[in-house]
Amino acid sequence: DQQVKQNSPSLSVQEGRISILNCDYTNSMFDYFLWYKKYPAEGPTFLISISSIKDKNEDGRFTVFLNKSAKHLSLHIVPSQPGDSAVYFCAASAPDTGRRALTFGSGTRLQVQP
Amino acid sequence: DGGITQSPKYLFRKEGQNVTLSCEQNLNHDAMYWYRQDPGQGLRLIYYSQIVNDFQKGDIAEGYSVSREKKESFPLTVTSAQKNPTAFYLCASTPGTSGYNEQFFGPGTRLTVL
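Here the protein sequences come in this chain order: A and B.
If you read the first sequence in this note's numbering, its first letter stands for residue 1, the second for the next number, and so on.
If you read the second sequence in this note's numbering, its first letter stands for residue 1, the second for the next number, and so on.
Everything labelled a hint here was simulated from the structure, so no lab data went into it.
Owing to the predicted nature of the structure, the values given are computational and were not obtained by experimental measurement.
Don't be surprised by glycine CBs; every beta carbon is placed ideally from N, CA and C.
Careful, some of the hints might be misleading.
Ranges of calculated distance between the beta carbons of each label pair, as one might list FRET restraints [unchecked claim]:
1) A:Asp55 x B:Glu15: 43 to 53 Å
2) B:Lys57 x A:Ser69: 43 to 53 Å
3) A:Gln111 x B:Tyr10: 25 to 35 Å
4) B:Asp54 x A:Ile18: 40 to 50 Å
5) A:Ile18 x B:Tyr10: 34 to 44 Å
6) B:Gly99 x A:Thr26: 35 to 45 Å
7) A:Met29 x B:Gly2: 27 to 37 Å
8) A:His76 x B:Glu69: 37 to 47 Å
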C-alpha cells in the first residue's frame, strides 16, 4: 500500500517555463512533507519542505503547496533551468513511534529542454 | 566540512556471503537511517537509530542487521538471508526525531550480487 504516490513518472518542460510536480498521500497522520532532488548514483539532496500547519512555502525558484483536504502537494519550479533535470522525490513523515522516518513516493523524472 | 560518507561506492558480493556497508557522519546528528532504492521505486526504510546503542527495524529489515556503537557510525550488514540484495543503499541522518528536520543523505552504495 503506497502511502505517498507520484503518479507521473516523467515530465518534460521548456527552459524558462514552469515545472509542476505533483504528489498525493493517503496517511492523514503525515505532518511534514519534503521534496528531494536526485541524480543517478547519488544520494537525494533536500530541496524544500512544508509542515502541515502551512499551505505554502517558498524558497527562491521553488514553491511547495499543500492541500490537506485533498491530501495533495505540489512543487513548482519557476523558471525551470536545464540544471533542474533530475528525479524529484516527494517524502512525508509522521510523528508516530518517534522515528520520523521518511516515506517516499516513486519519483518523477524532470527533463528541462534548452 | 560536515557531511555523510558511505563506502564503498560499488560493491560486488557472491551469493551466500555477508557484506557490510559503511556509513559515517560528522554532523553530530543523533538519528541515522538506512534506506534501500530499487529501480523505478522510492526509498524504503531498512533500519533506523535514534540514539547510540539503540536501533529499530524499519519496513524491510529481514536479512539485514545494524549496529550503533558510536554516534557517528551506523554500519549495515547485508546477510545471506536477504533474498534480493542487489540495490542502491542510502544512509541518512537528522539532528533528532522530535520536530521537523530534513534528512541528509550520503552518496549511496550500489550492491550487486553475482
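Hint check results:
| no. | hint | result |
| --- | --- | --- |
| 1 | A:Asp55 x B:Glu15: 43 to 53 Å | 50 Å, holds |
| 2 | B:Lys57 x A:Ser69: 43 to 53 Å | 34 Å, violated |
| 3 | A:Gln111 x B:Tyr10: 25 to 35 Å | 26 Å, holds |
| 4 | B:Asp54 x A:Ile18: 40 to 50 Å | 45 Å, holds |
| 5 | A:Ile18 x B:Tyr10: 34 to 44 Å | 38 Å, holds |
| 6 | B:Gly99 x A:Thr26: 35 to 45 Å | 24 Å, violated |
| 7 | A:Met29 x B:Gly2: 27 to 37 Å | 31 Å, holds |
| 8 | A:His76 x B:Glu69: 37 to 47 Å | 44 Å, holds |
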